[in-house]
Amino acid sequence: MLAVLDGAVRVAYDLVTGLTSTLHPLTGGLSAALAIVVFTAGVRLMLLPLSRRQAAAGRARLRLAPQVQKLRERHRDDPLRAHQEVTALYRAEGTSMFAGVGPALLQLPVFTVVYRLFLSPAVGGHTNLLLVQTLFGVPLGRRWLLSGGAFGPHGLVFLGLFALLAVVAWWTSRRMFTGQTPPQGVVGAAMRLLPFGTVLVAAYVPLAAGLYLLTSTAWSAAERAILWRGATVG
4 MLAVLDGAVR VAYDLVTGLT STLHPLTGGL SAALAIVVFT AGVRLMLLPL SRRQAAAGRA
64 RLRLAPQVQK LRERHRDDPL RAHQEVTALY RAEGTSMFAG VGPALLQLPV FTVVYRLFLS
124 PAVGGHTNLL LVQTLFGVPL GRRWLLSGGA FGPHGLVFLG LFALLAVVAW WTSRRMFTGQ
184 TPPQGVVGAA MRLLPFGTVL VAAYVPLAAG LYLLTSTAWS AAERAILWRG ATVG
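For the sequence shown, the residue numbers in the numbering used here are 4 to 237.
You may find that some hints are simply not true.
List of simulated lysine to any residue pairs, SDA-like, C-alpha gap at most 25 Å [to be verified]:
1. K73 / A85
2. K73 / E96
3. K73 / A91
Simulated restraints, written as ranges between beta carbons of each label pair [stated by the list, open to error]:
4. H86 / R13: 41 to 47 Å
5. A225 / L18: 29 to 35 Å
6. D80 / V189: 28 to 34 Å
7. G10 / A68: 39 to 45 Å
8. G127 / G188: 20 to 26 Å
9. P69 / G10: 46 to 52 Å
10. R84 / V14: 46 to 52 Å
Hints listed in this document are in silico derivations from the structure and should not be mistaken for laboratory results.
None of these values were measured; they are calculated from a predicted model.
We put the CB at the ideal spot given by N, CA and C, even for glycine.
With the hints as extra help, turn the sequences into a complete structure.
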């Protein structure tokens with residue numbers, strides 16, 4: 004399994020470095036950072052059919068939630084009968100309780116490969132040259148928490164990244180429970196804070212991985228706004 008992932012990481016590495024070379028005549032020192040953004044957008048575009056299936060399953064669960072709740076209340080003394088009735092309801096709607104799980108699991112290997120590409124100091128036994136490229140003078144392999152002068156001129160690049168991630172997290176948090184009643188109390192508050200965890204992650208991982216994280220989370224926010232548009236509890 005690891006050998007397969009290593010091969011996929013090398014392919015991804017060749018694609019990103021090739022994009023960097025292609026963009027360099029037009030974008031100069033920004034070429035590597037832009038290549039990461041373009042590559043990430045391409046990966047998310049490739050995964051769009053799976054995301055659409057996930058969203059369709061989520062919208063179906065949301066729409067059927069009141070009926071599912073009624074069935075479970077009606078057969079609360081017979082869990083097996085409740086499960087059978089709920090399963091039949093989903094089947095009649097052309098979906099299932101676990102319809103979104105498959106697409107989510109299929110995306111995991113892809114994201115694992117991409118993260119390894121931006122975290123690994125070496126690829127295929129050679130130095131990961133992508134991480135020695137820079138963004139406004141900051142090496143893409145540098146980590147904010149582990150670098151000196153975190154609040155100096157180079158630190159401003161990271162702070163700008165954190166600010167953009169926070170904006171995306173705020174937007175994601177606002178739309179997290181669109182069309183449904185949000186959980187109350189500590190659970191609801193914790194779930195609304197969860198998207199801001201990307202800022203903490205970006206503070207530790209290399210700048211290249213932070214750029215990937217920003218692009219991917221922004222894509223996810225836009226994707227959810229579009230694919231879940233009009234979704235409400237039935």
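If you test the structure against every hint from before, which numbers come out violated? Numbers 5, 8 - these are the hints that the structure violates, sorted from lowest upward.
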